[in-house]
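Visitor: Chains E and U, in that order, give the protein sequences. 1 is the number of the first residue of the first sequence in our numbering; add one for each residue after it. 1 is the number of the first residue of the second sequence in our numbering; add one for each residue after it.
In case anyone wonders, no lab produced these hints; they're calculated from the structure. A few of these clues could be false.
Subject to a maximum C-alpha distance of 25 Å in a straight line, what follows is the list of computed SDA-like cross-link-like pairs (lysine to any residue) [to be verified]:
1) K126(E) x A81(U)
2) K278(U) x R356(U)
3) K118(E) x K278(U)
4) K236(E) x A14(U)
5) K118(E) x K132(U)
6) K126(E) x A14(U)
7) K118(E) x A10(U)
8) K118(E) x L128(E)
9) K118(E) x I119(U)
10) K118(E) x W16(U)
11) K126(E) x F15(U)
12) K126(E) x I207(U)
13) K236(E) x N363(E)
14) K118(E) x A14(U)
15) K132(U) x L8(E)
16) K126(E) x L419(U)
17) K132(U) x A12(E)
18) K348(E) x L228(E)
19) K126(E) x L8(U)
20) K240(E) x E80(U)
21) K126(E) x D12(U)
22) K240(E) x P136(E)
23) K126(E) x I119(U)
24) K118(E) x R85(E)
25) K118(E) x I207(U)
26) K118(E) x Q19(U)
27) K236(E) x L8(U)
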Amino acid sequence: MTGPGADLHDLAHYALGSMSLGRLTGVSLGNHAIPDAFLLMHVGVGCKNKATAHLLSHDWAEHGNVREAWTEVGDRDLILGSSTRAAPYMRSWVNRMHPSILLMVSVTFIDLAGEDLKDVVARAAKDLPCPVALLPAPGFSGDMYTGYATVLHAITQRVDWTPDPARASEVTLVGYLFDRYEADHSANLSHLGKLLGGIGLSLGPSPLTGRPLAETLGAGGAGTVVELPYTRPLAKRIRKSLGGRSSVETDLPMGIAGTSRWLRVVGAAAGADASRTDAFIARREESTRNQLRFLMDRWRGFRMAIFAEPPLAAGMASMLAELGMLPTLIGLKGTSLGGREEFLAAVKSDGVALPDEVTILENPSLAAMREEFVTRMRSRALEGVLGSATDLNVLTTIAAEEAGLEGSTGPLLIEIGFPCRDHHAIQPMPFFGYSGVVVQAQRITSARRLWDTGRDPLLP
Amino acid sequence: MRDTHPILAASDEAFWQAQEKRKVGALGQPCCTQSKMSWAMIDMPGDFAVVIHGESDCLNCFHHHNGRNAARYFSTRLTEAQITTGETQAPLRHLLQMIADQLEPDTVIVLGTCPVEVIGDRFEVVVDAVSKESGIPMIALHTSGLKLSTLNAMQDWLHSTLAGLPQLPAPASSERRLSLFGMPERNAIGPRTRTILEQAGIVIHGIYPHTAGLDGWRSVSHATASVVVDADASPRLVEAIERQGSPVHEIPLPIGVQQSVAALETIGDALGIPSELKSAMAEDRADASRRVAAFSASHPSPRIGMAIRMLNTFRSDQLAHDGLGDLPFLLECGFDVTIFIQGPPEEAPRFEETLRGMGVLCPVRVFPGPFQLVEHFQAEGLGLAYAPDSTLNLFRRAGIPSIPSRVFAPWLEGVTHNLAQLERLIHEEGAP
Numbered sequence: 001m002t003g004p005g006a007d008l009h010d011l012a013h014y015a016l017g018s019m020s021l022g023r024l025t026g027v028s029l030g031n032h033a034i035p036d037a038f039l040l041m042h043v044g045v046g047c048k049n050k051a052t053a054h055l056l057s058h059d060w061a062e063h064g065n066v067r068e069a070w071t072e073v074g075d076r077d078l079i080l081g082s083s084t085r086a087a088p089y090m091r092s093w094v095n096r097m098h099p100s101i102l103l104m105v106s107v108t109f110i111d112l113a114g115e116d117l118k119d120v121v122a123r124a125a126k127d128l129p130c131p132v133a134l135l136p137a138p139g140f141s142g143d144m145y146t147g148y149a150t151v152l153h154a155i156t157q158r159v160d161w162t163p164d165p166a167r168a169s170e171v172t173l174v175g176y177l178f179d180r181y182e183a184d185h186s187a188n189l190s191h192l193g194k195l196l197g198g199i200g201l202s203l204g205p206s207p208l209t210g211r212p213l214a215e216t217l218g219a220g221g222a223g224t225v226v227e228l229p230y231t232r233p234l235a236k237r238i239r240k241s242l243g244g245r246s247s248v249e250t251d252l253p254m255g256i257a258g259t260s261r262w263l264r265v266v267g268a269a270a271g272a273d274a275s276r277t278d279a280f281i282a283r284r285e286e287s288t289r290n291q292l293r294f295l296m297d298r299w300r301g302f303r304m305a306i307f308a309e310p311p312l313a314a315g316m317a318s319m320l321a322e323l324g325m326l327p328t329l330i331g332l333k334g335t336s337l338g339g340r341e342e343f344l345a346a347v348k349s350d351g352v353a354l355p356d357e358v359t360i361l362e363n364p365s366l367a368a369m370r371e372e373f374v375t376r377m378r379s380r381a382l383e384g385v386l387g388s389a390t391d392l393n394v395l396t397t398i399a400a401e402e403a404g405l406e407g408s409t410g411p412l413l414i415e416i417g418f419p420c421r422d423h424h425a426i427q428p429m430p431f432f433g434y435s436g437v438v439v440q441a442q443r444i445t446s447a448r449r450l451w452d453t454g455r456d457p458l459l460p
Numbered sequence: 001m002r003d004t005h006p007i008l009a010a011s012d013e014a015f016w017q018a019q020e021k022r023k024v025g026a027l028g029q030p031c032c033t034q035s036k037m038s039w040a041m042i043d044m045p046g047d048f049a050v051v052i053h054g055e056s057d058c059l060n061c062f063h064h065h066n067g068r069n070a071a072r073y074f075s076t077r078l079t080e081a082q083i084t085t086g087e088t089q090a091p092l093r094h095l096l097q098m099i100a101d102q103l104e105p106d107t108v109i110v111l112g113t114c115p116v117e118v119i120g121d122r123f124e125v126v127v128d129a130v131s132k133e134s135g136i137p138m139i140a141l142h143t144s145g146l147k148l149s150t151l152n153a154m155q156d157w158l159h160s161t162l163a164g165l166p167q168l169p170a171p172a173s174s175e176r177r178l179s180l181f182g183m184p185e186r187n188a189i190g191p192r193t194r195t196i197l198e199q200a201g202i203v204i205h206g207i208y209p210h211t212a213g214l215d216g217w218r219s220v221s222h223a224t225a226s227v228v229v230d231a232d233a234s235p236r237l238v239e240a241i242e243r244q245g246s247p248v249h250e251i252p253l254p255i256g257v258q259q260s261v262a263a264l265e266t267i268g269d270a271l272g273i274p275s276e277l278k279s280a281m282a283e284d285r286a287d288a289s290r291r292v293a294a295f296s297a298s299h300p301s302p303r304i305g306m307a308i309r310m311l312n313t314f315r316s317d318q319l320a321h322d323g324l325g326d327l328p329f330l331l332e333c334g335f336d337v338t339i340f341i342q343g344p345p346e347e348a349p350r351f352e353e354t355l356r357g358m359g360v361l362c363p364v365r366v367f368p369g370p371f372q373l374v375e376h377f378q379a380e381g382l383g384l385a386y387a388p389d390s391t392l393n394l395f396r397r398a399g400i401p402s403i404p405s406r407v408f409a410p411w412l413e414g415v416t417h418n419l420a421q422l423e424r425l426i427h428e429e430g431a432p
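Extracted from the complex, chain U is given alone in its bound form (with noise of 0.2 Å):
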């Protein structure tokens, strides 16, 4: 945030280093967990409603128009007087009292919000009264945004949240039965790696979290195995599939060949069938090898800048590996990267280490914000870049082609189109 100009007041030097001594090395950015919690569950399929406890603005700060549970949100719309007097217990009762006569759902959460956290609204004890006389799961969360926790310790805190709903029934089965956590929301699992499983024996039991439901998550524990992308940045989530009895096995993102491979010999593992895994894979394995070493040699280690830190938003796969889940699958394709976090320029160390310690030995810059990325890009004399789609623009009228973060497609059914679209982008005009 530092800079030097004339208004610029002395005193302020001391302000931002303040400002910076509480920022950490983490690379996630910050979150209002009602906001993502909201986001996140709002096309999730499944019979519940989410109460959002506080004033009516609380629920515009998530996307209204993407979600087929959009007419189950409600707010307590607390008034000024309600918030500043504390009486905020009836109005929430009585909305939930409402939903359970009227709507019967199969679950209720309720969220926090900043106005009733200041005032220390304990609104948990009419929650779970409400949910004792209704008969119905209710569960009330203490979200906001003042806490300004990571995205992945939000999504965690979700997830774990849901994978701790009361069990369905579950079938008796023999069938080696998988879910995968953490997966894309788009294509999550293709048909042919639909194929691959199934030729091993598997079936699959339930992909989160955009695809299971809640019917999904009230059985977690039907599954034989769990697969957890990016496990590390998920210890609650973990800690509730063990509890509901489904063993957990780490995997990475499955962009690319590599981490592909990797993620399918896990599963193969995990479920004691290695060897048929294997070969259910190796004639995808090897045409996709092929095709990514091709690429590679007709493309000399193109140079391209990869922007992370500067996404807001609820998706799995885009948390992974903190941001950084499409990088194997660009290095193993031979680019050369450059990584562009964006953060407090004088942290640049501190982020270095952190990347270096999660094994990216790939150069890294630090910028302050979207405003100044290309010129960053064009500092560096990078001509490609790998960035959010909320800075597309910026990248379009600076002639440097760009791709939006997370759009490859995963597994090894993936690979031929991830390759096509980095040809498309080395090829487009103004592209070096």
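For reference, chain E alone in the conformation it holds in the complex (with noise of 0.2 Å):
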């Protein structure tokens, strides 16, 4: 605030950020991770983008933009009323496509003409043979977190939480973040299974992880709910959506520690063998570091930045500290999954100790960023930064002349998170539990450098 009463800020909270993106987004991804949904954006022609812009450049696995349409909202239909428009391309979507869900969304400048277009959908949604949701996008509140936690809660409330679930071993997980159809999310998913499977549980269907939604619906048989972060926007909604079940929070399974830390946790809730459970951990502790072992030396002291939302982020700081390197800076992403507190409460339940050193920005510009890399360049203080392709994008504008670093090399670049240009996962790349330590291990060890002249990194 720079006056008194007035709703103004300093520059940088005007500036495009690491993580922009708002609601729209969000939904854009929840309606992505079920493969039988179908979007219907009650838009205007530039909105469409917000939908599939960036989802399009990070899933080339799966196209988000062939189950998504908009009902082609223009000046004149906003004059005349242009709440008519949705049902009929309810109508004609839904037979076209026979989805097993239909999510609407609208946005502000919709809203502002003040109809009633809740009632009009929910009329014309009695006569469709698949459920309909209309979903809220504001764009002046929230962020794509919000909107991806409001698919989740749409979905969670059609699951049956039986409070007699018939399969008690199975675990079921809730806040997923699935982005797309890539061998690191199924390798995700597999592994965690495969964990699971080491304790004597199993991973059961979980809403928004690829599958059908008839399959995930089946989510409430599982005897365990497992509540990862991304619910956070919504927590206390999709709780309440559980029908009286209780669920387990965690942070995402991440690092050495962390995936430990994961299988205790919820090796506990669902009553798995203790003993089982630290016997299974110490074997695949021992058996990870013996992969990694080798390299530690080498990365040792590396200063590293993360730009990610709290969860990720601080599974990867983590994750980087056990390598023997110390993140030093770390950006964190939006605003609804938690900010500093979260983030070093996770890192601290590891058992990880951040450098002294470490700057944390909340919710940074990318010239707040773009400043920060150039400070820590010229001091030779910065050998490599984790984040999305817009995060990595900055740093690319930076010559290294101005970097003060002519002839170097420069950091390591490893595209992490939403959206990746450049990372796509063609054998499975998780990034979760113990495999997902080796493979980001392996991916940082081959990353590409800011300006790679071919010579020895560790040279001056």
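With the hints in hand, could you dock these two chains into one complex?
Guide: The following block contains the structure:
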């Protein structure tokens, strides 16, 4: 705030951020995570891009645009009343695509007209053979994770959360962020299933994991409900939708300590044999460390930057610290998954000590990130950056001369999170679990550098 | 959109009839001018800032990860209260003043959005005032998605605005300086074409829109002559360039032999050196013509479907000639082309009429959406596809080899590479 009573801020507040993506993008991701859902957007023509622009770059396996449409609202429709357009489009698209569920959104400028779209949609939905969910997606509040959680809530509401689940040893994940059909997410889920198998449990159907709706609606039969951090934007509502079933909240199963902690928490909640769990964890930790041992010394002391939403940033920070690196710059994306406090709590739970000189930026602007990168490179204090394509794009605008690093190879660049432009998984590449540690270590080892001169990066 | 099924209400028929009436025969996709202008400028070199005047989410209708100016994009991030009460001027003024004071850019472009257009915000008043106070050129454009503008109209508006910027002082020069507008983003002028132009005594002044940058737009007037791809689609740009004092000539998108030669001949005429340019390109022209003839002879009339009106893009070469810029090259290579247009099937006669008006005689089919494209290809017995990359997964699954739209390289020097791509397409597994 720069003046009393004025809703005015500093320049960084208005700048494009590391995570500026809003609710509509998140709803689109949620729709994408259900392979037989369809998203009908009662929006303007440009809003369509919020749903697909980054998703099409991110997921090369399945194109999100083929399960989305819009109602072609223009100025004339706003004047005459645009809500009348909704029903014919709903009928036509359902007839054409036969979705398992029709998700719908509207946006601010249409909502300003004050029409009762909710009523129009509800009446039209009565005649449709599939459920319809009209989801809020205002453009002035919330972030991408809020939008994703909105879809998650729409699904958990439809699950029969029986108080007496038939599959006692099964675990369902509520709040998995599934943003593409590439082999990173399929490997994550497959690996978690194997880890659970190692302690006598199994992974059951879970909402928003790239499986058809009917399958994931079977989540209620699982004996244990695990709540991952992506429920946070709507945690109370999602918990309420579980119909009295209890859930166990966890951080993401990332890093060696983080994965072991996750298995212990889930195992305890599901009544798994503790000694079996401990023995399994000990074996897996040892084999993971053995795989990584010969690399550790090469990385020791590398000062790394991580730009991700708080849960993913915490998992990555723990992982890098376990690999001998120093996560010295953290950028936390978004507002709805928590901030500094949640990040630090998750890292602390892994028993990982962050370096004293760590800087944490909350929801940073791209301009602020650029400045931070240049400062650190000038003082030779940045060996690598993990971030989305949006974050890494900022680095590509920095010339070696500006950073005072002429002739240098520059920092390692590793794409993580959403969106990825260059990192695509055609073979199993998890980032969860013990295998995730090994795969991410492999990615760091072979990562590109900002200015690849071909020189030994350790030379001055 | 129409179909027959029990769930379709009878009253829908009237709705769809009315809906179709408002569609015009134009081939272009409708677009949000804010979205596409933002997209077009985010990778433009130069010291400028873009302000999107609206709610936060209006920042999200373009890529954030492909552009050197992403850190210079701002939003007034209007709150619900500011939008509903119309109190939008204070945050805009405040933001523009901070940009002027802290960044001191050469230019600031302020784009409107649907929410501020709906409430009738006359934000140009604030923009003009801060521009005067700061001495920094600031331009207000009432962009939005409300008008359902065509992509060509959007592009013409943006480019004419940039070409109309106050010009940098012109250097004293007697060179024949050429500007090229509407060129592809990649390899717009390759080394061989550059040599041909240099041999004829031509200096390339600027390549627009993707390479020139802000300073290029601020020196439009420095060119001896300007050539514009598909000038008919850019009347405002042509007018702006001419107003800056550079004469304009139209060229086709220089893909393949015929179009490249036509473009080079136009350049030669425009600069008064037709024989020099003919002589400089003679060897390349003969070589490229020979290669095309050999390809054509070894592949008699392969059938290919060309899908258009599917792209929502800001790339000039993709918009040129309504997305048909590669068609003459496919035809000169001997392809038997069927054109598929995304749109209401009931509008097929109007689309066909538009194409015939453009001199395109290929068979025309109209399909409603991407998910139905493959079945239309199969119904026609087509085994090769030219289509946007967002549909390639669909073709792959159907076993139809495809080539993404607008990957052909320009000019005579691109012909060898383009023919190699077509060879690979024809010999790909599954090709007929």
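Visitor: All hints are to be evaluated individually against the structure, with a verdict given for each.
Guide: Hints and how they fare:
no.	hint	verdict
1	K126(E) x A81(U)	violated (34 Å)
2	K278(U) x R356(U)	violated (32 Å)
3	K118(E) x K278(U)	violated (66 Å)
4	K236(E) x A14(U)	violated (45 Å)
5	K118(E) x K132(U)	violated (46 Å)
6	K126(E) x A14(U)	holds (21 Å)
7	K118(E) x A10(U)	holds (22 Å)
8	K118(E) x L128(E)	holds (15 Å)
9	K118(E) x I119(U)	holds (23 Å)
10	K118(E) x W16(U)	holds (22 Å)
11	K126(E) x F15(U)	holds (20 Å)
12	K126(E) x I207(U)	violated (56 Å)
13	K236(E) x N363(E)	holds (23 Å)
14	K118(E) x A14(U)	holds (23 Å)
15	K132(U) x L8(E)	holds (22 Å)
16	K126(E) x L419(U)	violated (55 Å)
17	K132(U) x A12(E)	holds (24 Å)
18	K348(E) x L228(E)	holds (17 Å)
19	K126(E) x L8(U)	holds (13 Å)
20	K240(E) x E80(U)	violated (28 Å)
21	K126(E) x D12(U)	holds (16 Å)
22	K240(E) x P136(E)	holds (18 Å)
23	K126(E) x I119(U)	violated (34 Å)
24	K118(E) x R85(E)	holds (13 Å)
25	K118(E) x I207(U)	violated (50 Å)
26	K118(E) x Q19(U)	holds (22 Å)
27	K236(E) x L8(U)	violated (38 Å)
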